[in-house]
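S.K.: Residue 314 is where the sequence shown starts when you use the numbering used here, and the numbers rise one by one after that.
Careful: at least some of the hints might be erroneous.
Claimed, not checked - So the derived label-pair ranges between C-beta atoms look like this:
no., residue 1, residue 2, range
1, R407, N321, 22 to 28 angstroms
2, I373, I400, 17 to 23 angstroms
3, T435, G334, 35 to 41 angstroms
4, G440, N321, 15 to 21 angstroms
5, E318, I400, 21 to 27 angstroms
6, E338, L408, 34 to 40 angstroms
7, W376, A413, 24 to 30 angstroms
8, P332, K442, 17 to 23 angstroms
9, Q317, Q361, 31 to 37 angstroms
10, A328, Y368, 35 to 41 angstroms
11, R407, K431, 23 to 29 angstroms
Simulated from the structure, these hints should not be mistaken for lab results. Yeah, the Cβ is synthetic: ideal placement off N, Cα and C, and Gly gets one too.
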Amino acid sequence: MTRQELENEIRRLIAWLAPEGTGFEWNSTIEFGRCRRKLPSKKGEPGQQTIQINYTFASINSWEVVRYVVLHEIAHARTNGHKHDEIWQREFVRLGGDGAITIGETAQNGTLRVILGKYVGTCPVCGEKLYTNRKRSGEFFHCDAGRTYRYILNPEVTDSDPSEKS
314 MTRQELENEI RRLIAWLAPE GTGFEWNSTI EFGRCRRKLP SKKGEPGQQT
364 IQINYTFASI NSWEVVRYVV LHEIAHARTN GHKHDEIWQR EFVRLGGDGA
414 ITIGETAQNG TLRVILGKYV GTCPVCGEKL YTNRKRSGEF FHCDAGRTYR
464 YILNPEVTDS DPSEKS
């Protein structure tokens, strides 16, 4: 799929399922998907939302994985402020997702391909890894179930080439 074809398919999904006025743009972070909200400028005015997808991630994954991520972000747009609670999960399932919170759980129809950042942080509580290209001041935060934990930034550098994660 070309970049334009991919963008057209994503925009069709957003127009069909997301709240009216939800935009789309490619982002340059190493995150796969994100739903950003611009707060209303005047009282009573609805906020604007933009779903952002990283093109590099989208281009190395199957349309099924990209569609899953877009549905995940549309569920956020439709349940403003609910993050990954039961209301968000019900909406995600209603849209065609499986209710899973993390993208790693989506690799049912093949392998999810990810790009590793230059540095890796590991949560000391759950062991989850977070990859980043920017070296931070030794720690950053991991939010899980409403609690915030500090990731410890490992000094070793990871491969920056695409790799497969199952």
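S.K.: Each hint: holds or not?
M.R.: Results for each hint:
no. : hint                              : result
1   : R407 <-> N321: 22 to 28 angstroms : holds (24 angstroms)
2   : I373 <-> I400: 17 to 23 angstroms : violated (32 angstroms)
3   : T435 <-> G334: 35 to 41 angstroms : holds (39 angstroms)
4   : G440 <-> N321: 15 to 21 angstroms : violated (39 angstroms)
5   : E318 <-> I400: 21 to 27 angstroms : violated (33 angstroms)
6   : E338 <-> L408: 34 to 40 angstroms : violated (20 angstroms)
7   : W376 <-> A413: 24 to 30 angstroms : violated (18 angstroms)
8   : P332 <-> K442: 17 to 23 angstroms : violated (33 angstroms)
9   : Q317 <-> Q361: 31 to 37 angstroms : violated (24 angstroms)
10  : A328 <-> Y368: 35 to 41 angstroms : violated (19 angstroms)
11  : R407 <-> K431: 23 to 29 angstroms : violated (38 angstroms)
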